[in-house]
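Engineer: With the sequences and hints as input, model every part of the structure.
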Amino acid sequence: MILNLQHHITRLIWISIILLVVLFIAFSLGLSIGPTHSGIRSAFSALFATNESDSILYSIVWRIRFPRVLLAAVVGATLSLGGLVFQALLRNPLAEPFILGISGGSAIGAIIGILLGLSRFPGICFTSFLGSLGTLALILVMSTGKSILRKDALLLSGVMVNAFCSAIIMFLVSITQDARLHNIIFWLMGDLSAADLPQVVILGAILIPCFMMVFVFSHAMNLLMMGKDMARTMGLNIKAVTLTLLIVTSFMVSATVSFSGLVGFVGLVIPHLLRLVLGPDHRSLVPACLFGGAAYLVLCDLLARTLPQQGEMPAGVVTALIGAPLFIILLKKSRK
Amino acid sequence: MILKIIASSISTITILLASGLPLTAKTAEDQLGREIRVPDDPKRIVALAPSITEIIFALGQQGRLKGTTQFSNYPAEAAQLPKVGSYVRLDLERIVALNPDLCIAIKDGNPKAIIDRLQSLNIPVFAVNPRNLESLLQTIQKIGGILNASAKAKTLVEDMQSRMQQVDDLVSRIERRPRVFIQIGISPIISAGSNTFIDELIVRAGGINVAAGKSAYPHFSREQVLALAPDVLIVTTMARSGAFEKAKADWSRLSHMPAVRKKRIYMVNSDLFDRPSPRLFDALEILTRLLHPQLFEGGS
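Each protein sequence line maps, in turn, to chains A and B. Under my numbering, the first residue of the first sequence carries the number 27, and numbering increases by one thereafter. Under my numbering, the first residue of the second sequence carries the number 11, and numbering increases by one thereafter.
It is worth saying that the hints were derived from the structure and are not from the lab. Careful: at least some of the hints might be erroneous.
Derived Cβ-Cβ restraints for the label pairs, each shown as a range [to be verified]:
id : chain 1 : residue 1 : chain 2 : residue 2 : range
1  : B       : LYS53     : A       : ALA163    : 55 to 61 Å
2  : A       : ALA231    : B       : PRO85     : 46 to 52 Å
3  : A       : ILE354    : B       : GLU233    : 25 to 31 Å
4  : B       : ARG299    : A       : ILE354    : 38 to 44 Å
5  : A       : THR332    : B       : GLY252    : 42 to 48 Å
In this text the structure is predicted, and so the values were computed from the model without any measurement. Think of the CB as a built atom: it goes at the ideal place given N, C-alpha and C, for glycine as much as any other residue.
Structural biologist: Below you can see the structure in the form of structure tokens.
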């Protein structure tokens with residue numbers, strides 16, 4: 027048992043180191059590449075410069091790109107962890123905050139918060155959380171009994187919840203002339219461009235305890251994956267664990283949605299990819315999803331910033347272009 | 011690693027904050043009533059809207075202009091300047107890369123988040139807020155003031171005031187005000203309601219804006235427009251291929267509408283009508299001619 031634990035810890039450390047290196051590379055690329063100053067070498071030198079020999083480049087790299095890359099990392103980590111948790115709790119490989127409609131509910135809450143003129147902290151964050159709890163409750167009611175565990179039922183309820191959410195969002199947008207909603211379409215597609223360092227730091231400070239909490243529950247998720255009866259015999263309080271995890275995850279997701287809008291499919295792509303490589307043990311998957319998801323969204327956002335000739339596109343466009351086809355493949359596979 | 015990055019970036023931010031202030035600066039009150047420190051002689055200006063670019067060119071200060079937004083197409087020279095995104099979706103990185111010593115922003119349209127970020131990066135942002143023709147004249151004078159072109163601004167404004175007076179004099183002679191519907195969006199049909207430049211132009215040019223109401227940019231169905239019975243229907247367009255012809259053909263089928271019966275469906279250049287720039291006075295004259303052609307018969 028002790029040997030097993032020791033083996034597990036070494037494995038955990040190795041996985042973390044490798045993924046941190048990947049994350050570091052993603053960070054460096056994200057900081058060095060942008061619409062201006064195309065020379066990667068000069069940007070790289072700005073990364074490690076300590077004086078202001080080229081203060082414009084310095085400000086661009088550290089004060090414009092850095093908050094954005096950091097936000098992408100935090101959002102990516104949260105969403106992929108969110109996907110992992112929902113997949114474990116609902117025992118359904120297709121569960122993901124965006125597909126379930128949790129993100130949509132948060133978006134409704136956030137828009138209401140914006141219209142009420144609330145500040146981002148704690149106002150919009152809170153209304154967004156209420157919105158996500160609302161859709162969560164709706165999903166749980168729709169799936170009373172065991173039907174949510176079947177893929178088709180889950181997908182159907184997700185489609186319905188999402189359609190309902192987007193109808194409410196369009197309703198709110200059309201009844202208001204509010205100039206604050208000018209960029210709403212971009213925001214709905216997942217927009218990271220408004221990143222501002224102090225706010226990203228606050229977001230990180232809110233989310234890190236949530237990450238730790240999920241990590242504490244990672245063994246419980248392993249037991250849940252073995253089935254309810256098995257988990258109960260192993261002495262797990264299923265109700266308490268499920269409820270806590272659902273609420274913590276909804277909170278995490280809604281906090282990121284209030285910042286970055288709807289970035290879809292990250293919670294699908296990363297957990298599946300990592301599960302293929304690392305196996306089903308959540309004790310390694312939780313940290314792996316954090317670092318992997320962070321690196322993934324940093325790279326997706328990099329594409330979103332650099333692909334268009336004029337301006338940029340929302341990061342959610344890139345994640346959906348990658349994620350949606352994968353979703354279809356997974357659905358086809360799971361039908362077989 | 012991340013902690014180290016954060017620490018080093020915070021320390022540089024403090025250094026930048028301490029050293030970034032321009033050497034010689036004056037204080038000017040912008041149109042939002044904020045006291046802004048602007049350089050005495052700004053040389054690297056980024057204009058954050060097409061209308062501001064037009065004002066700077068009209069003041070003859072284009073030499074100071076280093077960047078502008080997408081769709082800044084007037085005068086033709088402006089199209090050659092580097093672009094920093096569109097005015098509702100500014101690209102922060104491109105703005106900063108131009109190393110501006112002053113940005114001129116417009117309240118209606120420019121996202122506040124980006125303006126706040128620019129200021130936190132020590133780039134002074136002078137905001138203008140033209141709400142009607144009268145305050146547009148103030149906008150021009152304010153911009154003239156910070157660009158050391160007050161004299162030019164004064165002649166520009168006096169010229170516009172006299173043109174406005176001419177229109178007022180002409181319009182005072184009319185007997186009947188036609189009902190006007192200006193269509194600024196084709197699908198869906200969008201018009202301009204009260205408290206918009208277009209509403210002011212219609213009223214000044216001697217018409218009744220049938221879209222006036224509490225909403226600034228109301229949407230209409232075809233049926234509602236028919237019920238408003240406009241005598242004149244004007245479509246603003248960016249001269250995109252065939253858009254006006256199609257809109258005109260669609261309206262022409264509704265032969266009950268007075269504007270259709272009298273064959274008074276016109277197209278105007280939308281850039282003239284939706285930018286708070288000096289060209290808005292061209293728009294006023296064009297509109298007066300369209301609404302009251304009889305005033306211009308024989309003369310001028």
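Engineer: With 25 to 31 Å as the target window, see if ILE354(A) and GLU233(B) comply at their CB atoms.
Structural biologist: Violated - the Cβ-Cβ distance for ILE354(A) and GLU233(B), about 42 Å, lies outside 25 to 31 Å.
Engineer: Confirm or reject the claim that ALA231(A) and PRO85(B) have a C-beta distance inside 46 to 52 Å.
Structural biologist: About 50 Å separates the Cβ atoms of ALA231(A) and PRO85(B), which means 46 to 52 Å holds.
Engineer: Should the hint that THR332(A) and GLY252(B) are 42 to 48 Å apart at their CB atoms be regarded as holding?
Structural biologist: Between THR332(A) and GLY252(B), where Cβ atoms are some 35 Å apart, the hint is violated.
Engineer: Are ARG299(B) and ILE354(A) spaced within 38 to 44 Å by their CB atoms?
Structural biologist: violated (59 Å)
Engineer: Holds or violated: 55 to 61 Å for the Cβ distance of LYS53(B) and ALA163(A)?
Structural biologist: holds (59 Å)
Hints 3, 4, 5 from the earlier list are contradicted by this structure; the remaining hints agree with it.
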